[in-house]
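Peer 1: Sequence:
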Amino acid sequence: MKARSALLALCALSACYPATQAPPINHPNPPGVPVPQGWPRNDEQPADEANAADMVLVGGRVFLADGASTVAQALAVRDGRVLAVGTDAEVRRHLGPATEVIDLRGRLVTPGFNDAHIHFGAGGRGLLQVELLGTTSLAEIERRVAAAAAQAQPGEWILGRGWDHTRLPASELGAGGWPTKEILDRAAPNNPVLLSRVDGHTSWANGAAMRIAGINRNTANPSGGEVVRDARGEATGILKETAEGLVSRHVPAPTRAQTRRGVLAALELAARTGVTSVQSDVSGMDMQIYKELRDADSLTVRVYGWHPLEMRTIEGLNALGVTAGFGDEWLRMGMLKGYTDGTLGSRTAAMLEPFSDQHTHGLPQYTQAQLDSLVTAADAAGLQVILHAIGDAANRQALDAFERAARANGARPRRHRIEHAQVLDQADIPRFRQLGVIASMQPTHATSDMRWVETRIGRERATEGAYVWRSLLDAGAVVIFGTDFPVEPMPPVEGIYSAVTRQSREEPGVPPGGWLPEQRLTRQEAIRLYTATPAYGEWQEEQKGTLQAGMLADLVVWDRDLLTIPEAEILQAAPAMTVVGGRIVFRR
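Positions 1 to 588 (our numbering) are the ones given, in order, by the sequence shown.
Read the hints as simulated data drawn from the structure, not as lab findings. There's no promise every hint is true.
[To be verified] In silico EDC-like links for lysine to aspartate or glutamate, alpha-carbon gap of 20 Å or less: (1) K291 x D328; (2) K337 x D400; (3) K291 x E268; (4) K337 x D372; (5) K337 x D281; (6) K337 x E315; (7) K291 x D281; (8) K291 x E329; (9) K337 x E403; (10) K337 x E310.
[To be verified] Derived CB-CB ranges, DEER-like: (11) M311 x A574: 42 to 52 Å; (12) S171 x E131: 16 to 26 Å; (13) E182 x A574: 35 to 45 Å; (14) G509 x G476: 24 to 34 Å; (15) I212 x L320: 29 to 39 Å; (16) G509 x D561: 18 to 28 Å; (17) N51 x A319: 40 to 50 Å; (18) G476 x E182: 48 to 58 Å; (19) A98 x E131: 42 to 52 Å.
All C-beta atoms, glycine included, are put in the ideal place defined by N, C-alpha and C.
All chains should be modelled from the sequences, with the hints used to inform the complete structure.
Peer 2: Next comes the structure, spelled out in structure tokens:
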């Protein structure tokens, strides 16, 4: 019955992807600024109709993000694509009577940013009542939950996210250094509460939620998960990895209205921060909403969605004829995601050697045989597999699965990926290039985690393999960047700053020179890893990711020059304008 339901859902989802491409967006843009001094008016010396641009951006610095790090002066757009790029004089030839002229006044233009790993609608989900990012005491968490309970109906679920036990005083924590259900019981005695940790891999439940789920001292740990217990054997309310599902399966699913509200909130944030493409988990409801927005010419982000790596999903997509990159320039699918382990913060990452501060190897989510079977089946079906892997053991397991799939299915183009690749054994770094596996990394994870990484895995392992994007690039691997929003903030400037400095975003300049500074990137490299290489990571490098002629006109005009401003000022940079498909979707 479950397989049939999944197939029906996939069949419904396929309606989101017609065989023909969506029509180009032809909405008029807001009026441009006055024509720069010395330029002809639009009604003087017009270009012939075939060469006339819809929009030209002049008098600035246009970073193409190509392999040569080319910087031009101006750019012309026609029918949603880059018509020409070059000097002001060269682009001037494309002025026509209706061309909108935008004077950059020296500002920098980059390609639109492509977030290669994001949970796009999750940050705006209408069900979440409690935001806990940045909280540093149990008293503050209790206050926020109590405030939500005061607004809730008795018995209504209270949901939240963002707490981080590594930011809480150790003296306030219970068994194993974790908070306990009693705090939430005081804050919400009449409501079930479930709060997701900042990494999304551990949840904190109160007594009411645990009673609904039937969790007690006799509840067994599910495979790949843990119910944390105190010295007496009683469940404390902390649920790791698959154990989260014991409670979360009882939480009401978001309504269509809540899902739509989350999508619209995420679209607005993306436009404000310069994100023009996302690679994200999607549900059937998400995709129907994206389709409706696309058909109404209201979609402002291009979406490549992933589904769970499950045999029934592989079979369902295969029956529909879906392979990697199926769809059009707005909505695409054919990517499947699996989880090989948990996170460093929760000590559930799968490690070759035990954690330095606790004798555990983490929580692997598959046996090697199970993972090999799934990856080989998906690969045979022409689907793109992306595997969450944090610890060095999980990354090795993922690489082994990709190698065995290629051996079983023979040579052909494939772009499988490891998501996060946070801790690598040195012997596995060259395997990314050898196997053609893409490293999909999130630079803000390094600057968020550096406070405690060496406590978890020791200085030696951190130095050799933690967040080693420079080592991977030097070994010839393809590296792509994203944010993991809402685990980390969506603005790409935070990732650029983290990749370039390896320093704290809360205390810019700390530590001096950066944490493990040998992994730092140049600004040009960091921007390319957020624009050009993510396009490769979704089979779209011939369509977007750079500002060369013929590419989709997805671009950002910045309020300051990301290539030249002081490093600390990168965090303050923001888009002055975001353009998707030649249409202005945000103007400050």
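Peer 1: Does each hint hold? Answer for all of them.
Peer 2: Structure-based check of each hint:
{"no.": "1", "hint": "K291 x D328", "result": "holds, 11 Å"}
{"no.": "2", "hint": "K337 x D400", "result": "holds, 16 Å"}
{"no.": "3", "hint": "K291 x E268", "result": "holds, 17 Å"}
{"no.": "4", "hint": "K337 x D372", "result": "holds, 14 Å"}
{"no.": "5", "hint": "K337 x D281", "result": "holds, 8 Å"}
{"no.": "6", "hint": "K337 x E315", "result": "holds, 15 Å"}
{"no.": "7", "hint": "K291 x D281", "result": "holds, 15 Å"}
{"no.": "8", "hint": "K291 x E329", "result": "holds, 12 Å"}
{"no.": "9", "hint": "K337 x E403", "result": "holds, 17 Å"}
{"no.": "10", "hint": "K337 x E310", "result": "holds, 9 Å"}
{"no.": "11", "hint": "M311 x A574: 42 to 52 Å", "result": "holds, 45 Å"}
{"no.": "12", "hint": "S171 x E131: 16 to 26 Å", "result": "holds, 25 Å"}
{"no.": "13", "hint": "E182 x A574: 35 to 45 Å", "result": "holds, 43 Å"}
{"no.": "14", "hint": "G509 x G476: 24 to 34 Å", "result": "holds, 32 Å"}
{"no.": "15", "hint": "I212 x L320: 29 to 39 Å", "result": "holds, 37 Å"}
{"no.": "16", "hint": "G509 x D561: 18 to 28 Å", "result": "holds, 20 Å"}
{"no.": "17", "hint": "N51 x A319: 40 to 50 Å", "result": "holds, 46 Å"}
{"no.": "18", "hint": "G476 x E182: 48 to 58 Å", "result": "holds, 53 Å"}
{"no.": "19", "hint": "A98 x E131: 42 to 52 Å", "result": "holds, 45 Å"}
Of the numbered hints listed earlier, not one is contradicted by the structure.
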